[in-house]
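The two chains are supplied separately, each in an independent frame; assemble them into the complex guided by the hints.
Those sequence lines, one after another, are chains A and B. If you want our numbering, it's the position in the first sequence, counting the first as 1, plus 98. If you want our numbering, it's the position in the second sequence, counting the first as 1, plus 2.
Don't read these hints as lab results, they were simulated from the structure. Predicted model only: the values in this text are computed from it and were never measured. Among the hints, a few may not be true.
According to the in silico footprint, chain A covers these stretches of chain B (three or more CB under 8 Å from chain A) [said to hold, decoys possible]: (1) 40 to 53; (2) 102 to 114.
Taking lysine-lysine pairs in the DSS-like style, the calculated list, with each CA pair at most 25 Å apart, reads [claimed, not checked]: (3) Lys72/B with Lys197/A; (4) Lys192/A with Lys59/B; (5) Lys209/A with Lys167/A; (6) Lys140/A with Lys13/B; (7) Lys157/A with Lys13/B.
A few chain B positions that, by computed beta-carbon distances, are all more than 12 Å from chain A [to be verified]: (8) Gln8; (9) Ser32; (10) Lys72; (11) Thr73; (12) Glu74; (13) Asn75; (14) Arg85; (15) Thr88.
Ideal Cβ positions, reconstructed from N, Cα and C, are used throughout, including at glycine.
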Amino acid sequence: ILNVEQSPQSLHVQEGDSTNFTCSFPSSNFYALHWYRWETAKSPEALFVMTLNGDEKKKGRISATLNTKEGYSYLYIKGSQPEDSATYLCAPIKAAGNKLTFGGGTRVLVKP
Amino acid sequence: DAGITQSPRYKITETGRQVTLMCHQTWSHSYMFWYRQDLGHGLRLIYYSAAADITDKGEVPDGYVVSRSKTENFPLTLESATRSQTSVYFCASRAGTSGYEQYFGPGTRLTVT
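Chain B extracted, bound-state conformation (with noise of 0.2 Å):
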């Protein structure tokens, strides 16, 4: 299907273990993003991506890790799962410049128990 999507939906796992989320799109979208979503603090940038093999860190990088070797995917890895780390993390990606909108996945809701 076309569009942009995240698997797992829900991930419920132990702290201190690493854990993967992906993300797919399905537009060649230049851009891509990973945000989670915290109570007091909304949307936060993780890291983002401006092309295959390019990233960077947004506004909370620690303790996560990414990678971009396709154009289409953008997978995020907690290294060491801990339980600040609970939280829905959305992936959103972006055709260009600042000027274009970003379109988001649908979540996924990470619990670290």
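Next up, chain A with everything else stripped away, as it sits in the complex (with noise of 0.2 Å):
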């Protein structure tokens, strides 16, 4: 079982404000790093599937980066708006794995 650390747990965003948090994952045998957008009472949705050191995505006024070499991803939120508002989980699979290990999320609650 991998050891996926997500920080903060929870955080509180003014409306308008920018924000960005942590995914931590062990740097070995890296494949590729999936981030989830989960709205309270929905289902969790693909934001992104990350696989090269270096790499970013962007959807909208969310983006994300990758550094497989020490094992970290951010996500950021430019000019958070209330429909932000989600727990976002990150999830890394180990080369030649094909499960994906969720980490526990960060919560984001953007403040009108």
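Here it is, written out as structure tokens:
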């Protein structure tokens, strides 16, 4: 079982502010990293699948970077809106593995 | 409808009873997964399947049984339900290798009394 840590566990952001949070994972045998967005009472939805060191992905106001050598990924939300309120999950996959191991998530609450 | 569905969406059962949660996907995805959502643990993998007739244990398989006779279906059976199995269960599917994103079903809220 991979040790996946997400920090902080939760954060409150004022509408319009930007924020970022971290996913840390073992750097050995890295294959890919998934990010998911999970709104309350809904099911998780994929944001990004990242595979290359230095990779940057963007979807609207949300972007992510990946450092496979040191084992971390940052997810950024620019100009947060109330609809960005959700739990953001990361899940790395080891080489030749098929299973995602989810971190505990960062719960983001955007206050109007 | 296209997509991934779960049934039932809500289930209350008694301790010791057998209960089966159904998962159906219409994409012909090769991989399917069962997770449970627990406070303090996030999403934990119960079982997964790489193809029809191929299944493997995840992080928390004890007390659960799966089968996959058809690509589109992946039922999860609790052989003798316990209160600790009260949870929300999510099924997911994925097209292929780990580079593909997973699609989650709407979840089944199971309460064991």
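Out of the numbered hints, which ones does the structure contradict?
5, 7, 8, 9
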